[in-house]
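Student: Can you build the whole structure from these sequences, using the hints too?
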Amino acid sequence: MPIIFITDFLIFLLLFTIVGFYLYARKHEHLSAPWRVVKKRPLAMSSAVVLFLFVTIGLFDSIHFHPSIETNESNKNVYSNEIMSVLDIFLDDLRTKNEKTYSAPLASYSFSKELIEQDNGIQIRDYPRLVYGGVSLNNPESESITDITKRISLGILYGLLISTVIISLIIFVLSKTLQTNYRGALQKCLENKTDTHWYSIFATISIISIIICIVCNLSQNYHVFGTDKVGQDVLYQALKSIRTGLVIGTLTTLVMLPFAIIMGLMAGYFRGWVDDVIQYLYTTLNSIPGVLLIAASILLLQVYISNHADDFNSIEQRADLRLLFLCIILGITSWTGLCRLLRAEALKLREVDYVQAAKAFGVGNFEVMFRHLLPNVMHIVMISIVLDFSGLVLAEAVLSYINIGVDPSMYSWGNMINSARLEMAREPVVWWSLAAAFIFMFILVLAANLFSDAVRDAFDPRLREF
Amino acid sequence: MINYILRRILYAVPILIGVNIITFVLFFVVNTPDDMARMHLGMKRVSQEAIIKWKDDRGYNKPILINKEENGIKKITNTIFFENSIKLFIFDFGRSDSGRDIGYDISQRMWPSLAITVPSLLIGLLAYITFGLILAFFRGTYVDISGVVLCVIMMSISGLFYIIGGQYLIGKFLHLVPISGYDTGLNAFKFIILPVLVGLIGGIGASTRWYRTIFLEEMNKDYVRTARAKGLSESSVLYRHVLSNGLIPILTGIVVILPSLFIGSLIVESFFAVPGLGSYTIDAINRQDFAIVRSMVFLGSVLYIIGLILTDISYTFVDPRVRLN
Numbered sequence: 001m002p003i004i005f006i007t008d009f010l011i012f013l014l015l016f017t018i019v020g021f022y023l024y025a026r027k028h029e030h031l032s033a034p035w036r037v038v039k040k041r042p043l044a045m046s047s048a049v050v051l052f053l054f055v056t057i058g059l060f061d062s063i064h065f066h067p068s069i070e071t072n073e074s075n076k077n078v079y080s081n082e083i084m085s086v087l088d089i090f091l092d093d094l095r096t097k098n099e100k101t102y103s104a105p106l107a108s109y110s111f112s113k114e115l116i117e118q119d120n121g122i123q124i125r126d127y128p129r130l131v132y133g134g135v136s137l138n139n140p141e142s143e144s145i146t147d148i149t150k151r152i153s154l155g156i157l158y159g160l161l162i163s164t165v166i167i168s169l170i171i172f173v174l175s176k177t178l179q180t181n182y183r184g185a186l187q188k189c190l191e192n193k194t195d196t197h198w199y200s201i202f203a204t205i206s207i208i209s210i211i212i213c214i215v216c217n218l219s220q221n222y223h224v225f226g227t228d229k230v231g232q233d234v235l236y237q238a239l240k241s242i243r244t245g246l247v248i249g250t251l252t253t254l255v256m257l258p259f260a261i262i263m264g265l266m267a268g269y270f271r272g273w274v275d276d277v278i279q280y281l282y283t284t285l286n287s288i289p290g291v292l293l294i295a296a297s298i299l300l301l302q303v304y305i306s307n308h309a310d311d312f313n314s315i316e317q318r319a320d321l322r323l324l325f326l327c328i329i330l331g332i333t334s335w336t337g338l339c340r341l342l343r344a345e346a347l348k349l350r351e352v353d354y355v356q357a358a359k360a361f362g363v364g365n366f367e368v369m370f371r372h373l374l375p376n377v378m379h380i381v382m383i384s385i386v387l388d389f390s391g392l393v394l395a396e397a398v399l400s401y402i403n404i405g406v407d408p409s410m411y412s413w414g415n416m417i418n419s420a421r422l423e424m425a426r427e428p429v430v431w432w433s434l435a436a437a438f439i440f441m442f443i444l445v446l447a448a449n450l451f452s453d454a455v456r457d458a459f460d461p462r463l464r465e466f
Numbered sequence: 001m002i003n004y005i006l007r008r009i010l011y012a013v014p015i016l017i018g019v020n021i022i023t024f025v026l027f028f029v030v031n032t033p034d035d036m037a038r039m040h041l042g043m044k045r046v047s048q049e050a051i052i053k054w055k056d057d058r059g060y061n062k063p064i065l066i067n068k069e070e071n072g073i074k075k076i077t078n079t080i081f082f083e084n085s086i087k088l089f090i091f092d093f094g095r096s097d098s099g100r101d102i103g104y105d106i107s108q109r110m111w112p113s114l115a116i117t118v119p120s121l122l123i124g125l126l127a128y129i130t131f132g133l134i135l136a137f138f139r140g141t142y143v144d145i146s147g148v149v150l151c152v153i154m155m156s157i158s159g160l161f162y163i164i165g166g167q168y169l170i171g172k173f174l175h176l177v178p179i180s181g182y183d184t185g186l187n188a189f190k191f192i193i194l195p196v197l198v199g200l201i202g203g204i205g206a207s208t209r210w211y212r213t214i215f216l217e218e219m220n221k222d223y224v225r226t227a228r229a230k231g232l233s234e235s236s237v238l239y240r241h242v243l244s245n246g247l248i249p250i251l252t253g254i255v256v257i258l259p260s261l262f263i264g265s266l267i268v269e270s271f272f273a274v275p276g277l278g279s280y281t282i283d284a285i286n287r288q289d290f291a292i293v294r295s296m297v298f299l300g301s302v303l304y305i306i307g308l309i310l311t312d313i314s315y316t317f318v319d320p321r322v323r324l325n
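These protein sequence lines map, in sequence, to chains X and F. All residue numbers for the first sequence refer to the numbering used here, where the first residue is 1 and numbers rise by one. All residue numbers for the second sequence refer to the numbering used here, where the first residue is 1 and numbers rise by one.
To be clear, the hints were calculated from the coordinates, so they are not data collected in a lab. Hints should not be assumed to be uniformly reliable.
Below, computed lysine to any residue pairings styled on SDA-like, alpha-carbon distance capped at 20 Å [said to hold, decoys possible]:
#1 F:55 with X:315
#2 F:172 with X:303
#3 F:55 with X:303
#4 F:172 with X:421
#5 X:100 with X:229
#6 F:172 with X:306
#7 F:55 with X:306
#8 F:172 with X:100
#9 F:172 with X:424
#10 F:221 with X:460
#11 F:172 with X:431
Tutor: Here you go:
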């Protein structure tokens with residue numbers, strides 16, 4: 001039985017907007033020309049592949065449903081209370097293979113000593129074998145290294161195979177569109193004579209598929225990133241956190257975009273008292289320190305939730321509302337920058353000839369704003385969307401650390417770091433939760449940063465010469 | 001000049017009133033004092049008497065805007081709005097929900113905050129400007145490219161990583177300085193090193209890249225070409241002309257955060273257990289002490305607005321072309 005969270009709905013709305021915008025931009029030269037520049041940048045295309053992978057995982061994680069429970073009565077479907085996503089089906093192995101407590105990455109033994117009863121009835125304190133980690137091995141001390149190397153090399157092999165298949169498929173499609181034969185398309189890609197920097201895309205696809213295959217191969221027998229305090233697989237947590245990071249990074253901008261665009265254009269176009277009011281509004285909001293405004297709002301949301309506990313059907317729904325609320329608050333604190341930029345641009349544009357001509361023809365104020373001003377500030381909007389993304393993903397971690405981020409029950413890198421930071425004091429150190437969260441966050445943010453740099457360079461002619 | 005400053009201060013008044021109204025609405029209208037009391041005393045099964053007592057103790061038992069039972073001026077003054085919001089304008093923060101004097105706490109706790117933020121700012125400025133200049137000097141070469149790549153990589157790492165990593169490496173592994181804590185007087189020095197260092201490294205990526213862009217932008221200007229045409233060496237062009245002109249946007253950009261240094265950094269202070277205003281705020285958030293959070297929101301806004309005014313004034317000092325009026 002499918003269930004739609006508010007953020008799920010907004011994510012797919014955003015997806016359709018992006019697709020719609022893509023179709024719109026294809027027809028408009030001033031919007032598609034900078035993207036062609038982006039497509040020729042090798043680093044930008046590599047990061048685009050990485051971002052595409054993250055977004056795909058996030059989208060699969062955004063389709064939620066109540067799984068059906070198998071019952072004896074065949075004509076009646078019973079649904080469990082649990083909420084799962086499509087991603088959970090793919091990761092069923094990782095989700096269900098839980099240990100008792102901490103275990104190190106690729107370990108076969110538990111992290112802490114326990115009383116074990118031996119066959120002859122004597123109890124000793126030792127590290128017990130894990131329930132799932134290294135189960136196929138009889139004697140982990142001697143066998144695990146050879147097993148791991150075997151799995152890694154097999155993974156590399158599979159990865160190479162899969163990436164070859166994917167790349168050949170892409171080249172096959174390309175040869176159709178370029179109207180050459182397969183060889184010709186391959187040659188053009190390798191010599192970079194195509195519109196897109198395919199060479200870097202292929203390299204990234206190969207690396208990613210090799211890594212994915214290695215991880216898949218290893219996780220059949222091990223916990224690749226270990227397990228956390230309650231024995232849950234850390235890799236699973238990190239993968240589930242992708243959705244939270246993406247939601248914060250994209251929905252926040254989506255939420256604030258209408259305000260920023262309408263207010264910014266109105267302030268610049270109408271000037272006078274409208275300008276004064278809007279300027280007053282954003283200076284006031286801006287002068288409240290962002291973190292404190294977020295803290296105050298989240299605090300109040302907590303009061304609201306605890307007083308209206310009955311309104312929520314499940315923990316997930318409550319967590320989802322809090323996520324949406326966090327996006328809105330982050331949006332409120334961050335729309336002022338874009339609004340100010342748009343106001344300055346609209347002030348300039350309103351004096352331009354074509355706007356004056358439109359006004360002389362008697363075109364209404366709002367039509368001038370949306371037909372003539374908006375398309376000409378679109379590049380600023382686009383730059384700020386991509387530039388804000390990485391900052392917001394990083395901000396989520398910090399906010400979760402001070403307990404004003406997403407709901408503690410939600411998977412997020414911030415929550416992973418928050419719950420793992422005390423483990424650094426343990427001896428020996430439990431580092432894998434932190435490492436997994438930081439690595440995933442780093443890859444996403446780095447890709448976003450590199451991509452946004454390319455977008456900004458392509459759209460902002462002033463910076464092009466650097 | 002004085003005229004201008006006065007006018008700017010007058011402009012700030014409506015903004016502060018706006019901030020005040022926003023915080024008031026957030027804390028007393030969206031959630032009534034009853035809600036707060038219930039939150040503090042436990043979720044369910046709280047007797048009405050306990051809620052009334054909680055509100056009595058903290059002065060939240062008054063009407064919100066207008067007190068109809070009083071006469072004359074007291075109609076307005078004996079209300080929550082006046083007692084808790086208007087009084088912020090004269091920096092009378094009142095008492096926290098746990099009964100402590102907030103004004104006194106703030107005056108005590110701002111010194112540790114300053115002890116961290118001021119060295120961080122100064123050392124950071126020096127380091128970032130140096131790095132930015134070096135990259136600008138070697139622009140287009142491998143030094144520059146690898147420097148920028150390093151900056152982007154360092155920008156992409158979460159700030160929490162630097163804090164946790166720094167604490168582990170320097171504090172726990174090398175045992176050079178204590179991991180966290182604070183002390184009075186000169187003993188505080190060894191507690192300050194680590195937060196300052198971590199803050200410095202955490203900011204390198206974004207700041208160096210930003211300053212490099214500023215310097216490169218200056219280098220494309222006409223006066224630099226003139227200086228080169230005169231036959232000046234590249235290094236003297238850089239230090240004498242580009243640096244001094246590039247400092248204008250850098251320094252004026254920093255003036256706006258100067259007053260906010262009092263508040264300190266929320267994250268750094270709570271990680272390193274520095275008893276400054278940042279950790280004060282975090283503690284208040286975690287204890288759900290609304291009075292403190294409200295005061296800090298107001299204080300933060302005042303300091304930010306002071307920063308804005310100082311920025312405008314500083315423009316006239318560094319750039320004589322800017323005329324106030």
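Student: If a hint holds in the structure, say so; if it doesn't, say that too.
Tutor: Against the structure, the hints come out as follows:
1. F:55 with X:315: Status violated; Cα separation ~31 Å.
2. F:172 with X:303: Distance of about 39 Å is beyond 20 Å: violated.
3. F:55 with X:303: With Cα atoms ~16 Å apart, residue 55 of chain F and residue 303 of chain X stay inside 20 Å; holds.
4. F:172 with X:421: This hinted pair holds, its Cα atoms lying about 14 Å apart.
5. X:100 with X:229: Status holds; Cα separation ~8 Å.
6. F:172 with X:306: Outside the cut-off at roughly 40 Å; violated.
7. F:55 with X:306: Cα-Cα ~19 Å, so holds.
8. F:172 with X:100: 28 Å, violated
9. F:172 with X:424: Distance of about 9 Å is within 20 Å: holds.
10. F:221 with X:460: 19 Å, holds
11. F:172 with X:431: 14 Å, holds
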